[in-house]
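Peer 1: Input sequences plus hints: build the corresponding full structure.
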Amino acid sequence: MQHRTKNPRSWFRKLLRLIGWIIVGWIVVSVLLVALLKYINPPIWAWKIEQEGMNWPNHHWISLDEIAPPMQLAVIAGEDQTFSTNHGFDVNSIIAAYEHNEHSDDIYGASTITQQTSKNLFLWPTRTYMRKAIGAWFTLLIDTLWSKQRVLEVYLNIVQLGSHIYGVQDAAMHLFHEPASKLNKYQASLLAASLPNPTLYTVKPLSPFIVARSAWIRQQMKQLSYLPLENIGSVKMVNWQPVNQ
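For reference, each letter of the sequence shown is one residue, going 1304 to 1548 in the numbering used here.
If you are wondering where the hints come from, they were derived from the structure by calculation, not from laboratory data. Keep in mind that a hint or two might mislead.
To be verified - No more than 25 Å apart at the CA atoms, straight line, and that leaves these computed lysine-lysine pairs for BS3-like:
hint: 1; residue 1: LYS1422; residue 2: LYS1341
hint: 2; residue 1: LYS1488; residue 2: LYS1507
hint: 3; residue 1: LYS1485; residue 2: LYS1507
hint: 4; residue 1: LYS1485; residue 2: LYS1451
hint: 5; residue 1: LYS1422; residue 2: LYS1435
hint: 6; residue 1: LYS1341; residue 2: LYS1435
hint: 7; residue 1: LYS1317; residue 2: LYS1341
hint: 8; residue 1: LYS1488; residue 2: LYS1525
hint: 9; residue 1: LYS1451; residue 2: LYS1507
hint: 10; residue 1: LYS1341; residue 2: LYS1451
hint: 11; residue 1: LYS1451; residue 2: LYS1422
Peer 2: If you want it as structure tokens, here you go:
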């Protein structure tokens, strides 16, 4: 009796077909997920799971209209001054950060608000090329499928602003004993200043880093507010040019 020999090309074609279906399935699922989150507020997200495990602290979601305009402007002034005009990535900042980091131990970041939203929602904390690729894919999806208002709303509701504190509503109540709708320019700048590391750079007690960075953010807010603008949510902030840091 003769035994048929397995054709390695046949198995290779099957493997390629399987990989192709996995890629197509991943694309479809990720697009549907981001499309749903345009309308549905996420009850949980990757960064919160990584930080808190299954012990999720209470969280209060609020609409963009319930967030004081100074708070909206403060995070843009501090984190992403091209937010209203970029397409998810600030290429000039990425190039500048890369060139700086090549020759310095003081590492600069260049993540936009859209990239940070993508990271907080979907990504694990390790720094790998796979993670960067997935992050870039989700950033493109968010920028394509969501409005700028939705990006800013989700970002301000899920960003960590202290130990076990997520979102500006809970941060405002915990730190200032008033809702996010009542935050003034000074309070907003303090919260925005903590974003590089809100568990290290604390608003209460007030760290020296927060004092210096919040003053810089208020200066940027003042300069940005004088430029020609267009409505984004409840803040007029489109068409500005980046202010020199």
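Peer 1: If a hint holds in the structure, say so; if it does not, say that too.
Peer 2: Status of the hints after comparison with the structure:
Taken as a hint, the LYS1422 and LYS1341 pair is honoured in the structure, with Cα atoms around 16 Å apart against an allowance of 25 Å. Between LYS1488 and LYS1507, the direct Cα distance comes to roughly 17 Å. Compliance with the 25 Å bound is thereby established for this hinted pair. Note on LYS1485 and LYS1507: the hinted pairing holds, with a Cα-Cα distance of about 18 Å set against a maximum of 25 Å. A distance of roughly 22 Å separates the Cα atoms of LYS1485 and LYS1451; the hinted pair therefore holds under the 25 Å criterion.
Distance check on the hinted pair: LYS1422 and LYS1435 sit about 9 Å apart at the alpha-carbon level, within 25 Å; holds. For the suggested pair LYS1341 and LYS1435, the alpha carbons sit about 22 Å apart, so the restraint of at most 25 Å is met. As the CA atoms of LYS1317 and LYS1341 are separated by approximately 36 Å, the hinted pair breaks the 25 Å bound. The suggested pairing of LYS1488 with LYS1525 holds, with an alpha-carbon distance near 10 Å, which does not exceed 25 Å.
Annotation: proposed proximity of LYS1451 to LYS1507 is violated, straight-line Cα distance about 31 Å (limit 25 Å). Restraint check: the Cα-Cα separation between LYS1341 and LYS1451 comes to about 11 Å, which is no more than 25 Å; the hinted pair holds. About 17 Å separates the Cα atoms of LYS1451 and LYS1422, which keeps this hinted pair within 25 Å; it holds.
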